[in-house]
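Visitor: Chain by chain, the residues:
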Amino acid sequence: MNPSDMNHLLKNLPTPSQPDEFWDALPQRVIRRLHAAPLPPPAPLRRGLAPVWAAAVAVVCLAVGMRVGFGLRLTEPPARTEFAPAQFAALYHEIAGRIPGNLQGIIVTATGVNMIVAPSSAARTDRPLVVQVIGADAQSKLRVLPLGKDHSLTPAQPELTRFVLARSFTPPAAPPVKMPPLRQLKSPHRT
Amino acid sequence: MTSVDKERDKEPALIRRSLQQDAEAFEALMRHYQQRIFLLAYRMTGVATDAEDIVQEVFVYAYQHLHEFREGSSFAAWLYRIATNDCLDWLKRRERRDRAYRGWLEDRSTTASAVGEMAARAHEALLRLPPKQRAALVLTACEGFNHAEAAQTLGCSETTISWRVFMARKQMQRLLRNTE
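As they're listed, the protein sequences go chains E and V.
Numbered according to our numbering, the first sequence spans residues 1073 to 1263.
Numbered according to our numbering, the second sequence spans residues 2 to 181.
Bear in mind the hints are in silico, worked out from the structure with no lab data behind them.
Glycine included, C-beta positions come from ideal geometry on N, C-alpha and C.
One should not assume that every hint holds.
Stated by the list, open to error - Once the Cα atoms are required to be at most 27 angstroms apart in a straight line, the calculated BS3-like pairs of lysine-lysine come out as:
id	chain 1	residue 1	chain 2	residue 2
1	V	K133	V	K93
2	V	K171	E	K1083
3	V	K93	E	K1083
As the list claims (entries may be wrong) - To spell it out: a stretch of chain E is covered by chain V in this simulated footprint if at least three of its residues, at any positions, have a beta carbon under 8 angstroms from a beta carbon of chain V; those stretches are:
id	region
4	1080-1089
5	1133-1140
To be verified - Between beta-carbon pairs, the in silico distance windows are:
id	chain 1	residue 1	chain 2	residue 2	range
6	E	H1080	V	D10	44 to 54 angstroms
7	E	V1140	V	W164	22 to 32 angstroms
8	E	P1091	V	G145	41 to 51 angstroms
9	V	W164	E	M1073	31 to 41 angstroms
10	V	E69	E	V1140	28 to 38 angstroms
11	V	G73	E	F1142	24 to 34 angstroms
12	V	P13	E	H1080	31 to 41 angstroms
13	E	F1142	V	Q65	34 to 44 angstroms
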């Protein structure tokens, strides 16, 4: 069968002949439907717009999620307030009293108190070091140089961390007040 | 000037009036196109009652979205596009598609005597074609669209239409041979 024969055949396919009443009534039925409650649009455009809507919803969710996430992060209060010099002193004395002669420094971070302890009491320095780390990353990679020589701290990520360095205070002869026992004593070496 | 041409000349005015909620104008548009849309739906679905439903849906949708019709373009192509998409959507539902085929087989027993056996077989073969190939063939062979118009109606390229028509004809030939 050649294409023209097939075209002729297809054009003359049997089709139902609806009565005239049907054609007369059809427009009125449509008009009545249109006057009734608004109908949802039929499938063609819904199908076409579905991916667009899905993408739009995804973008909005992403934007809201990022806004909320960054907002919470930016408005998060500092984990710990800065220590006053008197508090440094009290803290130093309490810890030094537990391991006399070995304590070289104290690092206070948002997650707790870290100590720098010499292997023996002979390595003790008379200039104690107390450092409070305030900043984004309480587990920031601090590198503590030997205290007896330099007393300096070098953060691996300086943009993330701020240091409050207080090493020149004079420890009083006796603790001004009796402090409750520390709960967060870590291992002898810095954690 | 033929009556069809006269009707076509009236179309822009009828569309503008329909946009202003003029029901009579839209009714005139419906009367002009309803049988053509019905035939398209019937050829696509093979079930007269479903074709009736589709015609209603098409006109309801067309009225509700008439503001999206671009003035100056072909209203017939726009309407056919809605109708074809509606038919394709209908065909996607396998259950209804199967029912359509069964329904057509039942109808065939009552109408086969009145129509040529060859035409009946051709219709059966047409309903077995994949929906998009069927749409391409119905628009080009039955409705007389050229490939560009069919492409515009179906929202694809002319090359795609040409390929679908080619495949549809090939498949039709095979199906008709098998039913001999």
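Visitor: Next, verify each hint and record whether it holds.
Guide: Hint check:
1. Between K133 (chain V) and K93 (chain V) the CA atoms are separated by roughly 10 angstroms; this keeps the pair inside 27 angstroms, and the hint holds.
2. A distance of roughly 17 angstroms separates the Cα atoms of K171 (chain V) and K1083 (chain E); the hinted pair therefore holds under the 27 angstroms criterion.
3. Our distance criterion of 27 angstroms between C-alpha atoms is met by K93 (chain V) and K1083 (chain E), whose separation comes to about 25 angstroms.
4. Proximity of the region 1080-1089 of chain E to chain V, defined as three or more residues with a beta carbon under 8 angstroms from a beta carbon of that chain, is established by the 8 residues found.
5. Counting residues of the region 1133-1140 of chain E whose C-beta sits closer than 8 angstroms to any C-beta of chain V gives 0, which falls short of three, so the coverage hint is violated.
6. At roughly 31 angstroms, the beta carbons of H1080 (chain E) and D10 (chain V) sit outside the given window of 44 to 54 angstroms.
7. At about 49 angstroms, the beta-carbon gap between V1140 (chain E) and W164 (chain V) misses the expected band of 22 to 32 angstroms.
8. The hint said 41 to 51 angstroms for the Cβ distance between P1091 (chain E) and G145 (chain V), and at roughly 26 angstroms that hint is violated.
9. Restraint check, W164 (chain V) to M1073 (chain E): a C-beta distance of roughly 20 angstroms breaks the suggested window 31 to 41 angstroms.
10. Checked against the hint of 28 to 38 angstroms, the C-beta distance between E69 (chain V) and V1140 (chain E) comes to roughly 36 angstroms, which is consistent with it.
11. Separation of G73 (chain V) from F1142 (chain E) is about 49 angstroms and departs from the stated range, judged on CB atoms against 24 to 34 angstroms.
12. Judged by the Cβ atoms, the range 31 to 41 angstroms given for P13 (chain V) and H1080 (chain E) holds: they are separated by roughly 34 angstroms.
13. Separation of F1142 (chain E) from Q65 (chain V) is about 42 angstroms and conforms to the stated range, judged on CB atoms against 34 to 44 angstroms.
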